[in-house]
Each structure stands twice: as structure tokens, then as C-alpha cells.
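Enquirer: Chains A and B, in that order, give the protein sequences.
Going by my numbering, the residue at position 113 of the first sequence is 113; the numbering climbs one at a time, nothing skipped.
Going by my numbering, the residue at position 20 of the second sequence is 20; the numbering climbs one at a time, nothing skipped.
One or more of the hints may lead you astray.
Heads up, simulated SDA-like pairs for lysine to any residue below, C-alpha to C-alpha not over 25 Å straight-line [what the hints assert, rightly or not]:
(1) Lys57/B with Glu29/A
(2) Lys2/A with Leu60/A
(3) Lys32/A with Val107/B
(4) Lys144/B with Glu43/A
(5) Lys75/A with Asp34/A
(6) Lys32/A with Gly52/B
(7) Lys91/A with Leu145/B
(8) Lys80/A with Lys57/B
Treat the hints as calculated values from the structure; they're not laboratory data.
Since this is a predicted model, take the numbers as computed values, not measurements.
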Amino acid sequence: MKKEIICIECPNGCVLALEIKDGKIVQVEGNKCDKGVVYAESEIENPLRVLTTSVMSEGLSVLMVPVKTREPIPKDLMLKAMENIKKIKVKKSVEVGDVIVKDLMGLGVDLVATRSVR
Amino acid sequence: MKERELVIVGGGPAAMAAAISAHESGVKDILVLERDQFLGGILNQCIHTGFGLNHFKELLSGPEYAQRFIEKITGIKDIEISLQSFVTNLNSDKELTYLRPGEMEEVRARAIIMATGCRERTREMIHVAGTRPAGIFSAGLAQKLINSEGLLLGQEIVVVGSGDIGLIMARRFTLEGAKVKAVVEIQKESKGLIRNVVQCLDDFNIPLYLSHKISKIYGKHRVEKVDVIAVDDNFNEVQNSRFEIECDTVLISAGLIPENELIEMAQVEMDKKTNTPVSDEINKTSVEGLFVCGNAFKIYDLVDSVTKDSIIAGEMAAEYLGYKK
Ligand SMILES: Cc1cc2nc3c(=O)[nH]c(=O)nc-3n(C[C@H](O)[C@H](O)[C@H](O)COP(=O)(O)OP(=O)(O)OC[C@H]3O[C@@H](n4cnc5c(N)ncnc54)[C@H](O)[C@@H]3O)c2cc1C
């Protein structure tokens with residue numbers, strides 16, 4: 001089966017022409033770099049996205065602390081993850097990269113702060 | 001009046017890159033004036049990833065990108081950073097007036113770099129008919145209210161304009177549990193990056209109406225619905241194509257305008273259409289020693305390019321001040 005997808009790894013937005021057999025990629029064309037191949041494989045077999053949002057803080061210098069999943073998580077679980085993340089409150093100062101939730105929903109991926117907030 | 005060698009107005013990525021680069025080029029007396037309580041500029045509210053691929057070879061969120069420069073600049077003793085400092089006046093002798101809590105200050109600079117960023121176009125500038133109920137926001141303002149202040153602004157959203165900010169906000173509202181009913185774009189193609197159409201709209205099955213426009217907004221106190229009409233290649237309305245979308249919130253993502261009222265006060269020759277300085281060279285203005293960089297000089301898509309050109313602005317100011325390369 002042939003399929004076209006757009007690579008979202010960088011602003012280039014390459015159009016990738018895929019040849020898929022039994023749910024697996026056998027050929028990728030149109031990618032300007034190797035990231036395109038990795039993206040195509042993941043997109044067909046198990047689409048992943050980095051989730052970014054912000055969580056409430058208490059007693060800190062800003063109202064909201066921006067966060068992201070350190071690694072991408074399954075695309076279909078983003079809304080579910082948001083429900084969990086909404087319940088969180090950050091009460092201690094954090095630095096960029098500090099873990100806010102360890103092993104989010106058992107996915108093996110940490111939710112980390114993306115801003116240093118004191 | 002106090003004298004400074006170099007004054008930089010703004011505290012976003014453009015200002016920070018220019019300050020660091022001027023310092024590296026030899027300037028030792030630098031004052032940075034930022035009206036906000038924090039450095040980072042617009043990046044603080046851009047919590048999505050999509051920054052830094054060129055400059056850092058890493059995919060960062062806005063605050064992470066800013067943080068790297070904040071750490072660097074606050075580590076340089078020769079750079080004085082004055083927050084909550086709102087510049088209100090500038091003249092062609094390079095004299096600045098700024099307000100900070102309880103104080104009005106004046107300073108004369110030998111060179112100035114303006115890095116004041118941009119502001120959003122508003123509903124008034126794109127001419128939508130109808131009432132003026134609550135629930136109409138510019139997309140960047142909505143971004144700030146949601147991401148930095150934790151407010152959810154509505155439940156059923158229509159986004160007008162498909163620039164990157166509109167696309168990013170469509171995803172943001174969806175993640176926060178609202179329903180984004182449509183993104184409406186008058187042009188034949190999205191103005192945003194294709195990757196944002198994919199990851200912000202397609203991922204969540206949000207419809208994108210190309211060659212369509214919002215012709216009317218209804219609602220007494222709060223937005224109730226909008227009229228959508230198809231347009232042809234000349235942007236004329238297509239007959240009998242009108243339909244309604246019920247919604248309580250309209251986001252306007254109609255582009256950005258450089259923020260340059262201060263250099264206008266200093267008699268800089270301006271291009272009235274783009275609100276940017278008339279210039280044959282990057283970062284330059286018609287006033288000697290007065291430079292402009294970042295989104296104030298021209299609207300950039302990528303912060304990495306802002307950084308690259310603002311580094312040049314710092315070098316240009318240093319050279320003007322007599323520091324050899
Ligand atoms: C919503 C949005 C989404 C974006 N998404 C991306 C993306 O995904 N990837 C990417 O690479 N780029 C993105 N960009 C572009 C990038 O963020 C900008 O190009 C960049 O931040 C511009 O930097 P700047 O320093 O010129 O302006 P700004 O960051 O706006 O900084 C200007 C600063 O000047 C200060 N200031 C203004 N007037 C005065 C005054 N009179 N006195 C004192 N201080 C003043 C302001 O408070 C502000 O801090 C996005 C931009 C926006 C608006």
C-alpha cells in the first residue's frame with residue numbers, strides 16, 4: 001500500500017511517500033534527513049507526540065508552570081494524560097528539566113518543567 | 001542625565017542575543033530595559049515545542065529556549081538588566097525616558113538597540129461585521145491567558161485565520177477540553193507551517209475551511225454564533241455558500257505588526273505599511289547608532305532566525321561604538 005504523510009519533526013515539513021506492507025514500512029521517499037524515516041515508522045506503527053501544557057502553581061512567582069513529556073507519548077493518550085495533569089499543583093521551586101510527575105500514567109515517560117520558577 | 005554606552009529596549013530573545021553579542025564584541029556598559037517582570041518576551045507563553053532546532057540543534061519549548069539565554073545573560077556582570085522598566089519616550093539624540101515602579105528615569109545612550117517585538121492585529125483591522133459581545137480574543141492574548149494564567153476562555157471555539165498562532169491555539173483549546181469547531185482561512189492555503197496543520201488540526205480532526213471567511217459575529221452578551229462564507233480567487237463571496245457555526249468564543253489570528261512607536265518618536269524613517277524602519281541593511285535605521293532587531297525589525301517565523309540576526313545587531317552596535325572586530 002502507498003501512503004503520503006507529512007513529517008512534523010522540523011519546520012521543513014517534508015512530504016514522505018511511504019510503501020507499507022502488513023502494517024510495516026518497507027520504503028520511505030521524500031525525506032530530507034534520517035529523522036523522516038524514524039518519524040514515518042513511528043507514525044504508521046505507533047504515532048507519538050510530545051505533550052506540552054502548563055500546570056497550576058501555588059506560592060510561586062508565576063501562576064502556571066509550563067511542562068512537557070520528556071519523551072513523546074502515544075498520540076491517542078494525550079487527552080487522557082491532560083485529565084491527569086490538570087489535577088497537579090506545583091508547590092516548590094523548580095528548574096528546567098525537573099520532574100513534575102514521574103512515570104506519567106505508567107507510560108515510562110516523565111513530565112518535566114520547561115521553565116525555572118522560584 | 002545619566003549616560004550609557006549601549007541601551008537595549010526589550011527582554012525577549014532578540015534583546016538577549018543582541019546584548020550578549022555586543023558584550024562579546026567588546027561593549028562593557030550595557031543596560032537592558034524590559035517592561036515585564038521577567039526576561040524571555042513572548043517565548044514565556046509559547047509553551048509548545050518548535051524552537052531551537054537551528055540554533056541549538058534540539059527541539060525546545062519557548063520557555064526552555066529563553067532559559068538558555070537568561071542563564072547566559074544574567075551571568076554577565078557588565079550587562080545591567082532592569083525589569084519592570086517601561087520605555088515611554090525616545091528622541092533622535094538617543095535620549096530615553098522609562099518608568100519603573102515609583103520612578104521616572106532618563107538616560108542618554110551612545111547607541112541603542114530596539115528589540116520591542118510585535119503586537120497582534122485585532123478584529124478591527126480585519127473588518128468582521130456584527131455585534132461586539134464578550135468572547136472575542138486575539139489568539140496571542142488567549143495563549144497568554146490559558147498558558148500563563150490558567151484561564152479557559154470558552155467551550156466552543158472558532159478560530160479566524162490559520163497562522164501558526166491560530167493553529168497552536170486550536171490544539172491548546174482541544175487539550176484543555178474545549179471543542180474547536182473550525183479554523184477559517186480566507187486564503188487558499190494555510191499561512192502556518194504544514195507541520196502545525198498536521199499536529200494541531202489533523203491530529204484532533206479539527207476542520208480547516210480554506211477560501212472561507214467569517215462574515216458576521218452574533219451574540220448579545222456572549223458570542224453565540226458566526227456566519228461563514230466561501231470566497232472565490234478574488235475574495236468575493238460565493239453566492240449561497242453561507243452557513244452558521246454555533247460557538248461561544250472567536251479567536252482572531254490575523255497576523256502580527258512590529259511594535260515601533262518609539263523609533264517613530266525618534267524621527268526614524270518608517271514604512272507605514274509594515275510599520276518597520278525603512279532600511280537597506282538588516283537591523284539598521286535612518287538614525288545613526290539606532291538599531292532595531294527581532295520582530296520589531298520584521299516579523300520572523302522562527303526564533304532561531306531572530307537570534308541569528310540579533311547577534312549581528314549586537315556586532316553592528318559594537319562596531320558603531322568603535323570596537324574593532
Ligand atoms: C504565539 C507565537 C508562537 C510562535 N511560535 C514559534 C515556534 O513554534 N517556533 C519558533 O521558532 N518561533 C515561534 N514564534 C516566533 C518567536 O517566538 C518570535 O519570533 C520571537 O520570540 C521574537 O523575539 P523578540 O525578542 O523580537 O520579541 P518578543 O519576544 O516579543 O520580545 C519583546 C520584548 O520587548 C518588551 N518591550 C516591548 N516594548 C517595550 C517598552 N516600550 N519598554 C520596555 N520593554 C518593552 C516586551 O515586554 C517583550 O518582552 C512564535 C511567536 C508567537 C507570537
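Enquirer: Within a Cα-Cα threshold of 25 Å, do Lys75/A and Asp34/A meet the stated pairing?
Expert: holds (22 Å)
Enquirer: For the pair supplied as a hint, Lys2/A and Leu60/A, confirm whether the alpha-carbon distance does not exceed 25 Å.
Expert: Violated: Lys2/A and Leu60/A sit about 52 Å apart, past 25 Å.
Enquirer: Hint check: Lys80/A vs Lys57/B, CA-CA at most 25 Å. Holds or violated?
Expert: violated (31 Å)
Enquirer: Please work out if Lys32/A and Gly52/B have their alpha carbons no farther apart than 25 Å.
Expert: holds (18 Å)
Enquirer: Is Lys57/B within 25 Å of Glu29/A, Cα to Cα?
Expert: Given pair Lys57/B, Glu29/A holds - Cα atoms ~23 Å apart, limit 25 Å.
Enquirer: Can the restraint linking Lys32/A and Val107/B be considered satisfied, given a maximum Cα separation of 25 Å?
Expert: violated (50 Å)
Enquirer: Holds or violated: Lys91/A with Leu145/B, Cα cutoff 25 Å?
Expert: Since the Cα atoms of Lys91/A and Leu145/B sit roughly 21 Å apart, the hinted pair holds (cutoff 25 Å).
Enquirer: Does Glu43/A sit within 25 Å of Lys144/B, going by the straight-line distance between their CA atoms?
Expert: violated (31 Å)
When held up to the earlier numbered hints, the structure conflicts with 2, 3, 4 and 8 and fits the remainder.
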